[in-house]
Amino acid sequence: ISSHKDVDDNSYNDVLVGSWKSSHAVLLRTIKVVDVTCTLNFSKSEIHPKEGEVSAPDGTLVPGIEFSVCFRYTGEEAPSSQNVISIEFKVTLDDEEPIPRVHIDYENQTSRYYSRSIDIDTTNTTFCTKNVPVFYASDNFNNKPIKVIIDSNLNQDDNLPFDKRSVLNQKLMKDAATTINIGFQCPKETRVCSTNMTLDVGEVKYPGKNIYPLAIGKVEVITIPFKVTNQGPDFAYGTALQVWCPTI
Numbered sequence: 557i558s559s560h561k562d563v564d565d566n567s568y569n570d571v572l573v574g575s576w577k578s579s580h581a582v583l584l585r586t587i588k589v590v591d592v593t594c595t596l597n598f599s600k601s602e603i604h605p606k607e608g609e610v611s612a613p614d615g616t617l618v619p620g621i622e623f624s625v626c627f628r629y630t631g632e633e634a635p636s637s638q639n640v641i642s643i644e645f646k647v648t649l650d651d652e653e654p655i656p657r658v659h660i661d662y663e664n665q666t667s668r669y670y671s672r673s674i675d676i677d678t679t680n681t682t683f684c685t686k687n688v689p690v691f692y693a694s695d696n697f698n699n700k701p702i703k704v705i706i707d708s709n710l711n712q713d714d715n716l717p718f719d720k721r722s723v724l725n726q727k728l729m730k731d732a733a734t735t736i737n738i739g740f741q742c743p744k745e746t747r748v749c750s751t752n753m754t755l756d757v758g759e760v761k762y763p764g765k766n767i768y769p770l771a772i773g774k775v776e777v778i779t780i781p782f783k784v785t786n787q788g789p790d791f792a793y794g795t796a797l798q799v800w801c802p803t804i
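If you're matching positions, the sequence shown starts at 557 in this note's numbering and goes up one per residue.
Be a bit skeptical, because a hint or two may be false.
[Claimed, not checked] Cross-link-like lysine-lysine pairs, in silico, BS3-like; alpha carbons within 30 Å at most:
(1) Lys646 with Lys588
(2) Lys600 with Lys700
(3) Lys606 with Lys703
(4) Lys686 with Lys727
(5) Lys700 with Lys646
(6) Lys730 with Lys646
(7) Lys700 with Lys686
(8) Lys730 with Lys720
(9) Lys720 with Lys606
(10) Lys588 with Lys561
(11) Lys700 with Lys730
(12) Lys561 with Lys686
(13) Lys700 with Lys561
(14) Lys686 with Lys600
(15) Lys703 with Lys727
(16) Lys600 with Lys720
(17) Lys577 with Lys561
(18) Lys646 with Lys703
(19) Lys720 with Lys646
(20) Lys600 with Lys703
(21) Lys700 with Lys588
(22) Lys646 with Lys686
(23) Lys730 with Lys686
[As the list claims (entries may be wrong)] Label pairs and their in silico Cβ distance ranges:
(24) Arg672 with Val563: 30 to 40 Å
(25) Pro701 with Tyr662: 21 to 31 Å
(26) Asn569 with Pro654: 40 to 50 Å
(27) Ser575 with Lys646: 19 to 29 Å
(28) Asn569 with Lys730: 25 to 35 Å
(29) Gly608 with Pro701: 19 to 29 Å
(30) Phe782 with Lys730: 22 to 32 Å
(31) Lys686 with Thr734: 13 to 23 Å
(32) Asp614 with Pro654: 26 to 36 Å
Hints listed in this document are in silico derivations from the structure and should not be mistaken for laboratory results.
We treat Cβ as the ideally placed atom computed from N, Cα and C, and that holds for glycine.
Construct the entire structure; sequences and hints are all you get.
Now the structure itself:
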């Protein structure tokens, strides 16, 4: 194994691997790895399914959130002596759900994907896209966090020779993956809550089971067991169960 020679003159030493008496060798050529950090920024910490905070195309306020994608070059030198780096990326929303709970409106179509390209320079300056509205439109009150991932690559000429190419540090790209929480607590403006509770009623018990149907005035005590459970992780603050008895 030898790694002390830059075979293709691209300023990075290549690796030559050979085997004794095989009369063959394998050349592993190295190229520049570009260190670019990526962050996903959101307008708030969570989405409230019953709270309108994002403007729809028709101007109405609907449940949702806004996000932007930011990139910053963190390497020591520009790749291939260039001062501008072009990056193409794709954001995927609600990656783990077959039917996404959120979507982006683009050219009169809804999609869980947001694809763009952005040019950044090598001065350690942060470059961001404009805010992108994400709309929550689902009857499924699933409070599982919405997973958001991003895939990105350098935008390079397809005819560029291999030794002149560069690749993004994908480890830094994976670090940008995040989640959006679903909030089911009461919106501060309306105080209207989205219920995620279940009421289970058991068998009605009363003395003298030979009395059926129940006759008003003949049965003094009726026992109705019930159980209220909270399906989500949020605490059910101030929850009350009201029971009305029929009167004549």
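Status of the hints after comparison with the structure:
1. Lys646 with Lys588: Holds. Lys646 to Lys588 sits at ~22 Å (cutoff 30 Å).
2. Lys600 with Lys700: Answer holds: Lys600 to Lys700 is near 17 Å, not above 30 Å.
3. Lys606 with Lys703: holds, 20 Å
4. Lys686 with Lys727: Answer holds: Lys686 to Lys727 is near 25 Å, not above 30 Å.
5. Lys700 with Lys646: The hint holds at about 22 Å.
6. Lys730 with Lys646: holds, 12 Å
7. Lys700 with Lys686: holds, 27 Å
8. Lys730 with Lys720: holds, 25 Å
9. Lys720 with Lys606: violated, 52 Å
10. Lys588 with Lys561: holds, 16 Å
11. Lys700 with Lys730: holds, 21 Å
12. Lys561 with Lys686: violated, 45 Å
13. Lys700 with Lys561: Distance of about 52 Å is beyond 30 Å: violated.
14. Lys686 with Lys600: holds, 16 Å
15. Lys703 with Lys727: holds, 18 Å
16. Lys600 with Lys720: Between Lys600 and Lys720 the Cα gap is close to 42 Å, so the pair fails against 30 Å, i.e. violated.
17. Lys577 with Lys561: Within the cut-off at roughly 22 Å; holds.
18. Lys646 with Lys703: Holds - the C-alpha atoms of Lys703 and Lys646 are around 14 Å apart, at most 30 Å.
19. Lys720 with Lys646: OK: Lys720 and Lys646 at ~25 Å, within 30 Å.
20. Lys600 with Lys703: holds, 15 Å
21. Lys700 with Lys588: The hint is violated at about 39 Å.
22. Lys646 with Lys686: holds, 15 Å
23. Lys730 with Lys686: holds, 21 Å
24. Arg672 with Val563: 30 to 40 Å: Once the Cβ atoms are compared, 37 Å apart, the range 30 to 40 Å for Val563 and Arg672 holds.
25. Pro701 with Tyr662: 21 to 31 Å: holds, 24 Å
26. Asn569 with Pro654: 40 to 50 Å: Because 47 Å falls inside the window, the suggested range holds.
27. Ser575 with Lys646: 19 to 29 Å: violated, 42 Å
28. Asn569 with Lys730: 25 to 35 Å: For Lys730 against Asn569, whose Cβ atoms are near 27 Å apart, the range 25 to 35 Å holds.
29. Gly608 with Pro701: 19 to 29 Å: holds, 21 Å
30. Phe782 with Lys730: 22 to 32 Å: At roughly 48 Å between Cβ atoms, Lys730 and Phe782 fall outside 22 to 32 Å, so the hint is violated.
31. Lys686 with Thr734: 13 to 23 Å: Holds - the Cβ-Cβ distance for Lys686 and Thr734, about 19 Å, lies within 13 to 23 Å.
32. Asp614 with Pro654: 26 to 36 Å: At 28 Å between Cβs, range holds.
In summary, the structure is inconsistent with hints 9, 12, 13, 16, 21, 27 and 30 from the numbered list given earlier, while agreeing with the others.
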